[in-house]
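> One line per chain: the protein sequences are S and E, in this order. Residue 154 in this note's numbering sits at position 150 of the first sequence, and the numbers go up by one each step. Residue 190 in this note's numbering sits at position 89 of the second sequence, and the numbers go up by one each step.
Since the hints were derived computationally from the structure, they do not count as laboratory data. Please note that a few of the clues may not be correct.
Said to hold, decoys possible - Heads up, simulated EDC-like pairs for lysine to aspartate or glutamate below, C-alpha to C-alpha not over 16 angstroms straight-line: (1) S/K104 - S/D179; (2) E/K132 - S/D179; (3) S/K78 - S/E170; (4) S/K78 - S/D37; (5) S/K78 - S/E197; (6) E/K132 - S/E175.
What the hints assert, rightly or not - Some chain E residues judged to face chain S by a derived CB distance under 7 angstroms, without partners named: (7) R127; (8) E133; (9) E201; (10) I206; (11) E211; (12) R212.
Bear in mind the structure is a predicted one, so any value in this text is a computation, not a measurement. All C-beta atoms, glycine included, are put in the ideal place defined by N, C-alpha and C.
The residues making up each chain are set out below.
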Amino acid sequence: MSPRVVAVVPAWNESEAIGAVVDELAACDPDVDVVVVDDASTDETAAVARRHGAIVLRLPFNVGIGGAVQTGFKYALANGYDVAVRLDGDGQHDPRELPKLLGPIDRGSAELVIGSRFADGNGTYRPPFARRIGIRVFARLVSILGGQRVTDTTSGFIALDRVGIELFAEEYPHDYPEVEATLVALRSGLRLEQVQVTMRERETGTSSITFVRSLYYMVKVMLALLVVSLRRYPRLEGARR
Amino acid sequence: MTPVRVSVAGVIASVLLILVILELVRGRRLKERYALLWLATGAVLLVLSAWRDGLNTIAGWVGVTSYPPAVLFAVATLFILLVLLHYSTVLSKLTDENVELAQRIALLEERVREDRSISPRVPTD
Numbered sequence: 005m006s007p008r009v010v011a012v013v014p015a016w017n018e019s020e021a022i023g024a025v026v027d028e029l030a031a032c033d034p035d036v037d038v039v040v041v042d043d044a045s046t047d048e049t050a051a052v053a054r055r056h057g058a059i060v061l062r063l064p065f066n067v068g069i070g071g072a073v074q075t076g077f078k079y080a081l082a083n084g085y086d087v088a089v090r091l092d093g094d095g096q097h098d099p100r101e102l103p104k105l106l107g108p109i110d111r112g113s114a115e116l117v118i119g120s121r122f123a124d125g126n127g128t129y130r131p132p133f134a135r136r137i138g139i140r141v142f143a144r145l146v147s148i149l150g151g152q153r154v155t156d157t158t159s160g161f162i163a164l165d166r167v168g169i170e171l172f173a174e175e176y177p178h179d180y181p182e183v184e185a186t187l188v189a190l191r192s193g194l195r196l197e198q199v200q201v202t203m204r205e206r207e208t209g210t211s212s213i214t215f216v217r218s219l220y221y222m223v224k225v226m227l228a229l230l231v232v233s234l235r236r237y238p239r240l241e242g243a244r245r
Numbered sequence: 102m103t104p105v106r107v108s109v110a111g112v113i114a115s116v117l118l119i120l121v122i123l124e125l126v127r128g129r130r131l132k133e134r135y136a137l138l139w140l141a142t143g144a145v146l147l148v149l150s151a152w153r154d155g156l157n158t159i160a161g162w163v164g165v166t167s168y169p170p171a172v173l174f175a176v177a178t179l180f181i182l183l184v185l186l187h188y189s190t191v192l193s194k195l196t197d198e199n200v201e202l203a204q205r206i207a208l209l210e211e212r213v214r215e216d217r218s219i220s221p222r223v224p225t226d
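Working from the sequences, and respecting the hints, build out all of it.
Here it is in structure tokens:
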């Protein structure tokens, strides 16, 4: 029997892009259930997503990207899915790369797969200088603290097996979650694999990380990495690293 | 000039503050988001306690001539006010969200009751 896969798509005011994202997912793999987590949008995001056939979870107020994503993982856990894929609602993650992300999980060689923009060094993504430094610093820190080389810790394009779903349904940071979550996964003994992906330019909207917020972002994530390193994480049942 | 004893006491107190905050975050009793302002408080007090010339200079700027450590006290008070103000905004947001949640639950409860009374297979209570 093939594994049941759910795509978790956090969305905040993405009515322009969300329809295409849901359609593309269905076109790539009709067996994948799509769950759009609407983080209290003020536009038609939820209605558009429903019209395109997605299951929609609407949050009563804005809880931030991490809280929204975790809602999807909790849904996946409660409904017995074997695999969860997380991708953004703005269309920057290409659903046609789904098979690449699912490969290591299907083979049973990883519990967490990250779609990395820098995995093989041949990616075309060239972020602005400041962001490139930030991405590199976090990648280096997580690699050192987690004991495995990670090339892209800020990627929101990931796949999880059942063990990973259980971990993140229980423990997932509420704001700016990706970097910290990667370290939590490594310290919990999940096996992590990275696959090279190409991310598309944002179709609509702007990145949620504005210049003003990047300082808070850097400091918060640094502090989180420090305390995650100070905590003890039980090795998960089923984690094989 | 700041007495050495005042400096030492200030350093010990601010280091303790920082350690307690880190331990609270590690034990998941304090979220990073709310720890940052406290950590900034601890860091500023630590710097001002240890760097005695700096404290004297700043005291000179604000016209405190007789007893520079009074500035430490003023800075600590300022930060405590900031933290309290921050908490007031957080509390206000939480209050709104709490009301929103209660209202949602009331509406959901009503909908569940209706669904049950329509469906004959599920017994109503």
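> So which of the earlier hints does this model not fit?
1, 5, 10, 11 and 12
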